[in-house]
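Keeping their order, the protein sequence lines are chains R and G. Counting from 1, one number per residue, gives the positions in the first sequence under UniProt numbering. Counting from 1, one number per residue, gives the positions in the second sequence under UniProt numbering.
Be careful, since some hints might not be right.
[Stated by the list, open to error] Taking lysine to any residue pairs in the SDA-like style, the calculated list, with each CA pair at most 20 Å apart, reads: (1) R:Lys54 - G:Lys59; (2) R:Lys59 - G:Asp24; (3) G:Lys56 - R:Asp27; (4) G:Lys54 - G:Arg90; (5) G:Lys54 - R:Lys54; (6) R:Lys59 - G:Glu20; (7) G:Lys56 - R:Ala19; (8) G:Lys56 - R:Lys59; (9) R:Lys54 - G:Pro26; (10) R:Lys56 - G:Lys54; (11) R:Lys54 - G:Arg31; (12) G:Lys54 - R:Ala19; (13) R:Lys56 - G:Arg90; (14) R:Lys73 - R:Pro26; (15) G:Lys54 - R:Glu20; (16) R:Lys54 - G:Arg90; (17) R:Lys59 - G:Gly23; (18) R:Lys56 - G:Lys59; (19) G:Lys56 - R:Met25; (20) G:Lys59 - R:Lys73; (21) G:Lys54 - R:Lys59; (22) G:Lys59 - R:Asp24; (23) G:Lys54 - R:Gly23; (24) G:Lys54 - R:Arg22; (25) R:Lys59 - G:Ala19; (26) G:Lys56 - R:Lys56; (27) G:Lys59 - R:Lys59.
[As the list claims (entries may be wrong)] Covered stretches of chain G (chain R as the covering partner; in silico rule of three or more C-beta atoms under 8 Å from a C-beta of chain R): (28) 62-69; (29) 76-86.
Hints listed in this document are in silico derivations from the structure and should not be mistaken for laboratory results. Keep in mind the model is a prediction, meaning the values are calculated, not measured. Note that beta-carbon positions come from the ideal geometry of N, C-alpha and C, so glycine has one too.
Okay, here's what each chain looks like letter by letter:
There are 2 protein chains.
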Amino acid sequence: MVALRPLQALRLWQQVCLAEVRGDMPDLTERQMAILLTVYLDPPPHTVRGLAEKLKVTKPVITRALDTMGAMKLLARHRDQRDRRNVLIRRTVEGALFVERFGDVVVANAAELPI
Amino acid sequence: MVALRPLQALRLWQQVCLAEVRGDMPDLTERQMAILLTVYLDPPPHTVRGLAEKLKVTKPVITRALDTMGAMKLLARHRDQRDRRNVLIRRTVEGALFVERFGDVVVANAAELPI
DNA sequence: TGCAATCGTTTCGGTACCGTATCATTACGC
DNA sequence: GCGTAATGATACGGTACCGAAACGATTGCA
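Please work from the sequences and hints to get the whole structure.
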């Protein structure tokens, strides 16, 4: 339970967005961000279908996001050997680093919030 | 000063992203979000040039974002009568409501964070 | 062995955004 | 007035994403 007042929440979001926009990091879509954080925060296994249901989007949305973030090495695909129709989404070192750094940005900006 | 631990920060971001993705709200780009929040949180006046400098992006980026969000009625353009070259970006009722509701989403998700 | 169901992917046309360069309008100094 | 500077908008080609539909691959069941 984190007590956050509306103005603080908005200010936090603004500062983090500004940091992301100003930086030369690869800009991720809100959907891509939701997928990435879900893969790294929720327990595996993660499948295309599962993510599509969690985000309430269609499967092609997940496939395309995996294409993009896979090219960025933020996560990786892996065929499920027990049911070769499935694709398991796995974490990568680069992705873990990216997520960790992003979390630090949020924490740092939260620490500087006034009032 | 808000004490937020890395895992809490990431979980918060995930939940808010999920809420936005799942909702049928108009999805805003990270840049658009940075502009919108800056207009509504920072003191006016706001100009295209000023926003471009603050976000470290080019002016067409701001112009296009204003087009998009203007069509959504999230903010409005207004010629500066003292220097008619300038365009002043003003807040709207719809935009204020949108920002307020977004802040509430963040606050609500922060309140439900574990540990 | 067939055949339907499920999985993820691909294709299609359309839309939105990007960066760069250029434009029209307005202001200001000479 | 006239040229220069500054503002924001636009044109252009390119890229990425979107929703809907169709597609191969794999499974499991009759």
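Hints, one by one, checked against the model:
| no. | hint | verdict |
| --- | --- | --- |
| 1 | R:Lys54 - G:Lys59 | 37 Å, violated |
| 2 | R:Lys59 - G:Asp24 | 17 Å, holds |
| 3 | G:Lys56 - R:Asp27 | 14 Å, holds |
| 4 | G:Lys54 - G:Arg90 | 17 Å, holds |
| 5 | G:Lys54 - R:Lys54 | 35 Å, violated |
| 6 | R:Lys59 - G:Glu20 | 18 Å, holds |
| 7 | G:Lys56 - R:Ala19 | 10 Å, holds |
| 8 | G:Lys56 - R:Lys59 | 35 Å, violated |
| 9 | R:Lys54 - G:Pro26 | 19 Å, holds |
| 10 | R:Lys56 - G:Lys54 | 34 Å, violated |
| 11 | R:Lys54 - G:Arg31 | 25 Å, violated |
| 12 | G:Lys54 - R:Ala19 | 10 Å, holds |
| 13 | R:Lys56 - G:Arg90 | 34 Å, violated |
| 14 | R:Lys73 - R:Pro26 | 11 Å, holds |
| 15 | G:Lys54 - R:Glu20 | 12 Å, holds |
| 16 | R:Lys54 - G:Arg90 | 37 Å, violated |
| 17 | R:Lys59 - G:Gly23 | 17 Å, holds |
| 18 | R:Lys56 - G:Lys59 | 35 Å, violated |
| 19 | G:Lys56 - R:Met25 | 13 Å, holds |
| 20 | G:Lys59 - R:Lys73 | 31 Å, violated |
| 21 | G:Lys54 - R:Lys59 | 37 Å, violated |
| 22 | G:Lys59 - R:Asp24 | 17 Å, holds |
| 23 | G:Lys54 - R:Gly23 | 12 Å, holds |
| 24 | G:Lys54 - R:Arg22 | 8 Å, holds |
| 25 | R:Lys59 - G:Ala19 | 18 Å, holds |
| 26 | G:Lys56 - R:Lys56 | 34 Å, violated |
| 27 | G:Lys59 - R:Lys59 | 36 Å, violated |
| 28 | 62-69 | violated (count 0) |
| 29 | 76-86 | violated (count 0) |
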